[in-house]
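Given the coordinates of chain S, assemble chain P onto it according to the supplied hints.
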Amino acid sequence: MFDLPTTNIGGPELFVLEFGDIVAYFSPYTAALFVFALIFTVLAIVSRPERQVDFAFGGDAYYTKEVEANLLRFQRFMAIACGLATLGAMVTGDVFNFTLFASLVGITNIGIVAAYRNRHVLNAAFQYGIVVMLATVPLFGGAAIVLASTGTLSMWELFTGAVAVPLFAKAFLVLGVMGEGMAPFYIAKAEITRAQGAPFVLMVHVSSLLLFLRVIEIVLSM
Amino acid sequence: MIEYLLFATFIGLLFHGIHRKVIARIQGRPGPPIWQEILHTLKFSFKETWIPKTASHALFIGIVVVAIGIWSAALFLLLSGGSILLLFAVYLLHKIVEHGMGLSTGSPYTKFGAIRSVISAASELPLLVTVVAIYFFTHSLSIADIAAYQEVHGPLLIIAFPAAVAMYLVILSKMHYGPFSIIEAKEIVSGNMTEHFGVWRAALEVAYALKTYVLLYAFVLIFIGSLPLALTLLAMLIVLVSLSFVCAVTPMLSPYDTVTVQSLVTGALVIYIIILGVIMG
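These protein sequence lines are chains S and P, in that order.
Just so you know, we're using this note's numbering here: the first sequence kicks off at 3 and counts up by one.
Just so you know, we're using this note's numbering here: the second sequence kicks off at 18 and counts up by one.
Same shape as in the complex, but just chain S (with noise of 0.2 Å):
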């Protein structure tokens, strides 16, 4: 039933999981995707983050900055509940899907973040959060704009030469991704580095790395 038509993009397509009518595949690319997703958010749950050691302006001082556990708590729920959304993302066979879980690792992204109780890293996570709601109108316009110029969301059905998808819809599928976390808007801020960094905030980073990959197989493959 499910034939991946565009196989010279992301490869053949290896195994196909139906969950009703929500269906995931798994093609060299997505699996590729997906493992790595998979280590990472492995990694989140088993990981005890690092502990900061910042210098002391105008001294020799330096001091470590201690992880207190409520926050390691909250930190590490939203960096597992980033993982799975990655983790959907990555091989969902369905756009409306795709979105869906974008904007969720968008969501969480803020959580990681915002839960540091620290001036300047609420500002980040504030500003970011600005962007995520911006983007989530291209994001989910791009998906309703395939929507109604070809009247399916099925990547199965968009991936054949039969369907041809508006260019502006596939912009705007990038320009979404792009907003719900890719670097220029986000992960750049030198503030959201006074939270902890690993391993929380570094799946800030592989979720929208991974996010971007994904879309980009997406959109040449539509």
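These are calculated hints, taken from the structure and not from any lab test.
Treat the hints with care, as some may be off.
As the list claims (entries may be wrong) - Computed list of lysine to aspartate or glutamate pairs in DMTMM-like fashion (alpha-carbon distance at most 25 Å, straight line):
(1) P:K70 x S:E68
(2) P:K70 x P:E201
(3) P:K64 x P:D162
(4) S:K172 x S:D96
(5) P:K112 x P:D274
(6) P:K70 x S:E70
Said to hold, decoys possible - Partial pick of chain P residues on the chain S-facing surface, computed with a CB cut under 7 Å:
(7) L109
(8) G117
(9) L120
What the hints assert, rightly or not - DEER-style ranges, computed between Cβ atoms:
(10) P:P172 x S:P168: 29 to 39 Å
(11) P:S243 x S:N120: 53 to 63 Å
(12) P:A165 x S:P168: 38 to 48 Å
(13) P:I296 x S:P168: 28 to 38 Å
(14) S:G163 x P:H74: 49 to 59 Å
(15) S:D23 x P:G215: 49 to 59 Å
Model, not experiment: these values are computed from the prediction.
Note that beta-carbon positions come from the ideal geometry of N, C-alpha and C, so glycine has one too.
Showing chain P alone in chain S's frame:
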């Protein structure tokens, strides 16, 4: 496959040594022997190994394993003629390795390296544009299909020269001592690698050797075509020496200048692709 991995590691380390030697000779210094990086890796393998108290232990070790894993997978991908989109993915995932390595230790120096790694995310964009440009010509991203295309139409180095320049810039941005090597600049000690010592450093040297081998091999395979092994190695060596020359005569750029240069190249490539799209329909 294991023997090819060992071969690629050995050649990659040798290439790193040649890279240092060429840079030194151009700068009028004698430089280290070309097998210096092999000796370094062996030396680190037997040195005392530790994990900093402040580190996130699982990630500190895990990231080294991931680094070797992704570049071994990339080598397998090239040998099996898989999709260059997956190669692009590995290249992007290497960014996570660099970032994670820096964030995992707790040290401010490695953290600076990690942040610089993220700031220089623009270095991935030329590779993405290269992938798209190649797809315009070959209508496939499979390395086997790309090699077959070049047997009929000639090397993509000539047909898609701007894409080759972009890929060259991508490799340059990952070379040691290059203009874009801001993540391991000496003002932040050794950047994101500062705290990885002993066996961890040796393993990272192996991963980086594989990375250099894979990137040079990919360049030859994608833009020149499938050649016999000896010719492939010779072509890789020529590309490497040219890169060493650029590294020798170019000072390290500031972090924001690296982003500017890489973004400008990406912009030029996007214009090239738009023109291609108009001409080729």
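Verification of the hints:
1. For the hint linking P:K70 to S:E68, the alpha-carbon distance of about 13 Å falls within 25 Å, and the restraint holds.
2. In summary, the hint linking P:K70 to P:E201 is supported, as the alpha carbons are separated by about 22 Å, within the 25 Å threshold.
3. Pair hint P:K64 plus P:D162 does not hold up; C-alpha atoms about 46 Å apart against a cutoff of 25 Å.
4. Proposed proximity of S:K172 and S:D96 is supported: the alpha carbons are some 14 Å apart, at most 25 Å.
5. Of the supplied pair hints, the one linking P:K112 and P:D274 holds, its CA atoms being roughly 19 Å apart against a limit of 25 Å.
6. Our distance criterion of 25 Å between C-alpha atoms is met by P:K70 and S:E70, whose separation comes to about 17 Å.
7. Taken as an interface hint, P:L109 checks out: its beta carbon lies about 5 Å from the nearest beta carbon of chain S, inside 7 Å.
8. Evaluation of the P:G117 hint against chain S yields a held restraint, the C-beta minimum of about 5 Å falling below 7 Å.
9. Taken as an interface hint, P:L120 checks out: its beta carbon lies about 3 Å from the nearest beta carbon of chain S, inside 7 Å.
10. In this structure the hint that P:P172 and S:P168 lie 29 to 39 Å apart at CB holds, the actual value being about 35 Å.
11. A hinted range of 53 to 63 Å for the beta carbons of P:S243 and S:N120 is consistent with their spacing of about 54 Å.
12. Look at P:A165 against S:P168: about 32 Å separates their beta carbons, and that is not inside 38 to 48 Å.
13. P:I296 and S:P168 have their C-beta atoms about 22 Å apart, which leaves the hinted 28 to 38 Å range violated.
14. In this structure the hint that S:G163 and P:H74 lie 49 to 59 Å apart at CB holds, the actual value being about 50 Å.
15. Distance hint for S:D23 and P:G215: a CB-CB separation of about 53 Å, consistent with the stated range 49 to 59 Å.
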